[in-house]
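Participant: So you can see what is in the structure, the chains are spelled out below.
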Amino acid sequence: MKNATIEQLKKLKYIEPDHGFVLRARNEIFAGSKPAFSMPSRMPTFAIPMWALSGAALTALLVGVSFIVPMMFPRPAFSASLNMNTLATEYGSLPINIQLKEIKYEQSMNQAVASAISEVSDTKTQHLNTELLQTEEKGATLTETNSTQIDSLLETLLQ
Amino acid sequence: MKEEELLIQKAKQGDDISFGKLYDTYLPSIYRFVFLKIGRKEDAEDITQKVFVNAWQNLKGFEFKGFPFSSWLYRIASNAVIDYYRTWKGNISIDLVPEEYFSESMNEEGRIDDNFDITRVRTAIAKLEPDQQNVVIMKFVSDLSNKEIAESLGKTEGAIRVIQHRALKQLKTLIDTDEERHNRTTKEA
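So the sequence lines, in the order shown, correspond to chains A and B.
With the numbering used here, the residue at position 21 of the first sequence is 21, and numbering never jumps.
With the numbering used here, the residue at position 17 of the second sequence is 17, and numbering never jumps.
Chain B extracted, bound-state conformation (with noise of 0.2 Å):
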């Protein structure tokens, strides 16, 4: 954390390097987070680049309150999602994860079973309400604690835990639902 604070401090201070460390360190995980939410691969890296664009030029009203960047970074990547969603009038449509987007750690069977099994958590979340999505992706994907949520979307812990203890049953409803009507029809098959 010591680190953390140091880069922010003299990216505070227009050195762009420092910024640089904190962008590699976290752009993938709030890509990640962008791109659960929208679905699609454009629009998500859109939203991304806006996000590290908005936190550069406003680095200077971030405070440091013990608490990673990454917290920030998430409020201001939950409300470009909102921003997109207020404006954006098409169909909402789950792209595919193309192969290359999966890490090189994973075999290329891995890969086909695991792009299943995305394609259907991946929907069951999209049916899930905007706060229970950001919490279950923020604290199983992205592996923050209650508490950094808490922060992220200006909820108290105790929320969070509701919310998250919601989400989990809604998902499990959903991906089981799934599951039987995808066994149903290859069994009709």
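Only chain A is shown next, with the shape it has when bound in the complex (with noise of 0.2 Å):
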């Protein structure tokens, strides 16, 4: 009797889900978000958290190294950069010096050349001043010189 009930049951086998709905679900199905996409199959699940931990590892371990080497072994062109003699003697040469005292002869040859302005700009300056000129032209030993040529300019010049 409990096998007729298993063959009443066994006849529910027969029901199919309409054709219509079979396409339509498919395309719904496929038309929506895709799933992410899984780690490649040779890769089991189990290795994924072990990449990931040897990847920090190694970050870890370039940082690590980073500044750990050059502690242990110190570069001696780092070291020759804080000697101070060394320093001062780059100091010396420095272009900025070079710079200051072409400054300084800048300055000098300004201060040279504006009183020589003044002077030739000044018409009362003492050496056009005509006392002054013949007093000059007294004590001046006119015998000693040999060019005549200059003898007339300068008495064009008294006249």
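These are calculated hints, taken from the structure and not from any lab test.
Keep in mind that the hints are not guaranteed to be accurate.
[Said to hold, decoys possible] With a cut-off of at most 20 Å between alpha-carbon atoms, the simulated DMTMM-like pairs for lysine to aspartate or glutamate come out as follows:
#, chain 1, residue 1, chain 2, residue 2
1, A, K10, B, E4
2, B, K21, B, E5
3, A, K2, B, D117
4, B, K50, B, D24
5, B, K41, A, D18
6, B, K41, A, E28
[Stated by the list, open to error] Over the 10 Å line for every Cβ pair with chain A, so calculated as not near, a few chain B residues:
#, residue
7, A80
8, E129
9, D131
10, K187
11, A189
Glycine included, every Cβ here is placed at the ideal spot set by N, Cα and C.
Combine both chains into one complex, guided by the hints.
Facilitator: The structure is reproduced here in structure tokens:
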């Protein structure tokens, strides 16, 4: 009698989904968003956290090495650059000193030029004063000169 | 099983053709399971579609442990049915199975007789406990092994055997009672 019940149950296998529904549902499922891609099949699931851990360990190792190695093996080039004598020598040869000298020279030159210009532009300056020139003429030893051209020029100037 | 495993691996990498083959293989049995649990065509179609959408979206979480892919699908389906009844507030009504629902291998006379038997069996199944319904449908309609049913429902094989025994006993009583009532009504008429 139990078998009869089972036979009746097995008749339920004949129930089939509507063909239109099968196609419609299929289209709607694949028209929706795709699932996120998983890792390649060759990589087992337990390997994923191992990958992450090994990546973190490698990063930590690189950072550690970049700090520890310079401390263990200091480079001479760095220490030489900290020597005070060398620094003073280097400072002395800096182009800024050269520039300061040039500035000083230019300042003195400017002063000389300015005074020369002021003297030339000043009509009351002493070198054009007639009395002064006559006094100087008297005191001058004209006999010593051999140039007649200079003498004539001086006479012209005094007139 | 090897071929199915390969399809699953490809589908997990986003290959919709491979998932399409799994869909074609398992859609009828999943639909049948949901339809027998729900009893309403439109709702059964809706839930079945949701089961496959859910499976497609969460395929990366599936791990092949030697059980057929269907065990995982049945687990999603039984959870979907639980969710359906949690929110559903209508009356339980069992639709008559339309003729086009039967496979084409059946003749017309067989369809009429079987439709009567099927409605009677479905009415009896609807009166069983949810776990008993699951086991009866998976065992005798979907032809799953006790191991596969245990995997799908998260129970031991021993528990499945006990549920199956009680379900068949209960089902027989329900069908016999219904048959007696039917015979009495026919005689009186």
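Participant: Tell me the numbers of any earlier hints that the structure contravenes, in ascending order.
Facilitator: Checked against the structure, the only hint that fails is number 1, while the rest are satisfied.
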